[in-house]
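Single-letter residue listing:
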Amino acid sequence: MAISGDTSTPLGMRAPRRPRRTVADVFDLRLPIDPVLALAAIGLSIASVVAVGGATDGDTGYIARQSLYGAIGIAIAFVVSRIDYARLRDLRWVLYAFMLASIVAVALVGRSVNGSTLSIQLPGFSFQASELGKVLLAVSASAVLVERSRSVDTWGTTLRMLAFFGLPMAMVLLSDLGSGLVYGAVGLGVLLIGGSPGRHLAWIGAVAVTGIVAVLAVLPAAGVDVLKPYQVDRLTAFLHPNGSSDVEPGQIDPTYQLQQAKNAIGSGQKTGRGDDSTQQTLGFLPENQTDFVFASIGERFGFVGAALLLSLYALIMWRGLRILSTARDFYGAVLAAGILSMLLFQVLVNAGMNVGIMPITGIPLPLVSYGGSSVLSTYLAIGLLQAIYAQGRAAARRGPTVARPD
Amino acid sequence: MSPDRRTSTPQLALRVAAFGIIAFGVFAVLFLRLWFMQILQGDQYLAKATENPERVVRIAAPRGKIVDRSGKGVLVDNEPSTIVALEAKAVPEEDRSVILDWGQRQGRWEAAVDREVSRRLDRYRAANPKRTVTEARRRLVTERVTASMRDRRPADLDLEKDATPGLRALLSRIGPVLKTSERKLYDRVVASTVRQPISNVALKTDVSVGVRNGLLERQREYPGITVTREYLRHYPGGDLAAQIFGNVGQITEKQLKLDRYAGLQQGQRIGQDGLEFQYDDVLRGHDGQQRVEVDAQNRPTGRVREVPAEGGLRLELTLDLGLQKSAQLAMREAIGDQVDKKTNKRAGGAFVAMDPRNGEVLAMGSYPSVDLNQLNGEISARRYKRLVSERNGAPLFNRAISGGYPTGSTFKIVTAAAGLANGVITPDEVVPGGSCRYFGRNRQEFCNAGDADLGGTDLKRSIQISSDVYYYDIGAELFGRPNQPLQTWTKLFGFGRETGIDLPGERAGIIPSRAWREQRDEDEKRCRKQQKKDNCFLVAVLGEPYTLGSNINFSIGQGDFQASPLQVAVSYAGLYDTALEDNTTALTGELRFPYPHLARRVTNSKGVLERSIPARPPRRVEFDPSWKGAMLQGLLDVTATADGTAYGVFHDWDQMQFPVYGKTGTAERCQDDGCPEQSWFAAMVPHKDKPIVVVATAEAGGFGAQTAAPIVCRMLRRWYGVPRAEATCEPPATTAANQ
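Heads up: the sequence lines are chains A and B, in that order. Position 5 of the first sequence, counted from 1, bears residue number 5 in the numbering used here, the numbering being contiguous throughout. Position 411 of the second sequence, counted from 1, bears residue number 817 in the numbering used here, the numbering being contiguous throughout.
Since the hints were made in silico from the structure, they are not lab data. Do not rely on the hints blindly, as some may be mistaken.
Pulled from the structure, derived: some chain A residues nowhere near chain B, Cβ distances all over 10 Å [unchecked claim]:
#1 Leu31
#2 Ala38
#3 Gly61
#4 Arg82
#5 Ile120
#6 Leu122
#7 Arg199
#8 Ala206
#9 Ile212
#10 Val215
#11 Tyr313
Derived contacts from chain A toward chain B, CB cut-off under 10 Å, selection only [what the hints assert, rightly or not]:
#12 Gly194
#13 Thr278
#14 Gly320
#15 Ala333
Here are the computed distance ranges between Cβ atoms for each label pair [unchecked claim]:
#16 A/Asp225 - B/Val462: 37 to 43 Å
#17 A/Asp59 - B/Gly620: 27 to 33 Å
#18 B/Gly431 - A/Asp59: 34 to 40 Å
Since we're looking at a predicted model, the values are computed, not measured. Virtual Cβ for every residue (Gly too), placed ideally from N, Cα, C.
If we strip away everything but chain A, and leave its shape as in the complex, we get (with noise of 0.2 Å):
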């Protein structure tokens, strides 16, 4: 019997039913694979190679390791995507536990780099607890959400499922606030999909701003400081491109900062600079394989390079809506839907930031970014979405189950 298949189904609805559970019902080479996410993911990936060599100089170590986390990270997505994602819906609990107990982890043993502490370190790997959470948030989430899918439109449902993500969110805000807005972004698209009535919705949205304005602005005016005063130069310094504000002495001037990285793209005009990029070579563009890896691209290949990574992200979140709507049930969909709001806001955040539009986190390019913890999460997350496209395909070529009993 189908465990979960009984459990979660609304009645009238039949899962398909099998006499036995065989591997093959969990995982199954034979499962067809979405070929343009795939090529926009590996794509993503060899862009990633190429800039980060050009950002690091052709530092071979940058390089290999990034091939690695690649390579390592297609593996994984393949892996993934032969699974029948909707096994995943009985681990919720438990992958949600794990993702609080990583978290806290990092926070007690993790390595601080730059005043957060936002990993831990494995033998041969400085694992990120708040990457991997991204994901295993909208796993839980998602299962989460389709479980109370009936009553999805009481407030009930929504402030459960707010605080069933706001736990993650506030504990990684506290070190890391880019991953930690991540983590609302993938609670908001779970609940945008998994059918929150709009004045919810609404809501949350009008509370959200209140709660940024009060943060950045209200509250340092009247003396209370929920973040520390860097923080907020940080957020804020791209709406004052010109302004400096009162860095501390040691902490790097955030408006210089953007306005390097403003000054490599801008300078890479159509076609890029090439190897005569200066602000990369010589430094004056910070982080240029991680969080400003865009600028860095922007400024060797231009506006073709950087137009270039940006449809490899539309082509995704294309490929992505697809298979949300043609997933073969409500967990897939609202997955794919949480896996797609985390993808998007991210590239959001992070490219709005090295344009200019978006305040400084530390946010990584998906797949782009240097980092095994990003890369490797990401990829789960494709490999999920290519598990909800296989198994979308694979029903409908059984065709409806609905109509028909088995």
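Got chain A; can you put chain B on it based on the hints?
Chain B in isolation, oriented as in the chain A frame:
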């Protein structure tokens, strides 16, 4: 709600569509922003990105050399030197004000010491009327006064007490690198700031290549410290003509705004005075630029674009190095370290030698002089002040053009010319002798020097023996004539206006007249009113009229009359006539007053002519040849005949070959009897190839023949290469009655 894709509700489709629209919006915004930045504004960003990583280092251009008229005698050249400097803006404002305040207090204290020294020397002189006050005596008194007033002296600035922590930290960081103690560095900051409040402080000149490279590589660790290669002025002649060159210093904020310095950058060194100022555009050259590509940490990457510096052009002066040297030596030997009783400071003097044909200045100097290399080196504020102080004779003050003196009997040629031109005298008319004359209602008495009765004199003889009464008569007669003829002729001879020499700081001098007195009274009144003082001391007695007596005093170059040695030289050059060279042609009917100038030509560094600086044609004044002839004969008799006032000095001079048309002068600068007079001598030698006009004066030199004439004689001896044995140029041992 359906878990199945086949039955997805319209609501879900709507939400997917909403999601899609959001995604589309996100990408649209990003694409548009990219388009805007890279395609539309790309040029601007590219400009910013390329200017970003360049550090522009100024490459100082060597200033042009200054050489003498032969082109071989170098007067000013350059010494390349690597200078580690503290930027002016790196000196904290608080330190600057502390230092400037200290400088002011120090100045006040020094003035108090000077006053006290003056008082004691006067007392000493009163007690020992026979003995002359020497520099050694004065030094002794100064030492005593300094010791007695030590407690009132402002304490030297101390690094620990007076420097701000910021400055101290900076100096303690750079100190070990330069191998100089912080204390010494602080002293340099003080010395430089006192002298030039807003300019970079040279902490150390001539640092080694290793130190230089070390500092350049770790520039971030030493904020406010710059390492530059500069060319420092070097003066091979030491104190030779020290007053005419002027110093070179960093351009000030005020100067940066002037049209004259358009296009110059902060830190540029320009001529601040003297020839360096006058010919700055010639000498300056063009600084080069080194554009060093740097990374974000401001470390040079090794890529360098260079615009080479273009050295300044060489300025060839009209000065004759040998003549200049001999003149300064003669001055030093004649004046020594005498103290001028009028001022209680070191006595000074000045000389000018000029080509009467074109105004080329062959020698010019002011005594005492100072070794410019000493002033330019690393020198403490106190020592610098002492060297250039008035007490030390103000050695940077160019008395030859800026001194204002009564010129005594050397002025008589002007009075004679005015008398001749106005018909008061004729060349041959003999004026009765007598030791004194009485003028005006009060029968005011005017006498010859030493009340001597020189007998009846015509014009020639009046010059030869320097009769005063002859000129008193002229001055008295001219006072009653309309249009102040004496003043007019004084002006025609070039007094009371700048000679137009190519040096800044020239003084026009004073031609006393009724209008001038009134103007001076008005100035005094205005000054009192404006500054709310009881007395500005511009005038001794307010409302004193210009009287007959004033004009009579003026007629022998006394009274309020003031002129510079250069003006005297110009007035004598006016008498030069080409006819004198061969004695065959007739004298011309005009006086030709040349415009003196120091610069002759501009050449490149290899001596190839770039442009010559043409002499202005002389100013011409119509003058009867017979008048001129008589005056010239008188001047020649001064040195060539036994009765002449300067015959003693020139008794063994070869007058056939080098006839000296000279005139002694003795100017009274103070009323009391013990006060030495100012000695003057002006000479003109109309030699065929090397005509020359020489003027010398010694502030406390006594009679003209006593000090000034021997100096002029020695200069002429040098100029014509006369062996020492054939011209002793010794002052007369016995006769003191000459004037």
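Here is what the structure says about each hint:
no.: 1; hint: Leu31; verdict: 16 Å, holds
no.: 2; hint: Ala38; verdict: 19 Å, holds
no.: 3; hint: Gly61; verdict: 20 Å, holds
no.: 4; hint: Arg82; verdict: 20 Å, holds
no.: 5; hint: Ile120; verdict: 31 Å, holds
no.: 6; hint: Leu122; verdict: 32 Å, holds
no.: 7; hint: Arg199; verdict: 14 Å, holds
no.: 8; hint: Ala206; verdict: 17 Å, holds
no.: 9; hint: Ile212; verdict: 18 Å, holds
no.: 10; hint: Val215; verdict: 23 Å, holds
no.: 11; hint: Tyr313; verdict: 7 Å, violated
no.: 12; hint: Gly194; verdict: 9 Å, holds
no.: 13; hint: Thr278; verdict: 5 Å, holds
no.: 14; hint: Gly320; verdict: 9 Å, holds
no.: 15; hint: Ala333; verdict: 7 Å, holds
no.: 16; hint: A/Asp225 - B/Val462: 37 to 43 Å; verdict: 41 Å, holds
no.: 17; hint: A/Asp59 - B/Gly620: 27 to 33 Å; verdict: 29 Å, holds
no.: 18; hint: B/Gly431 - A/Asp59: 34 to 40 Å; verdict: 37 Å, holds
When held up to the earlier numbered hints, the structure conflicts with hint 11 and nothing else.
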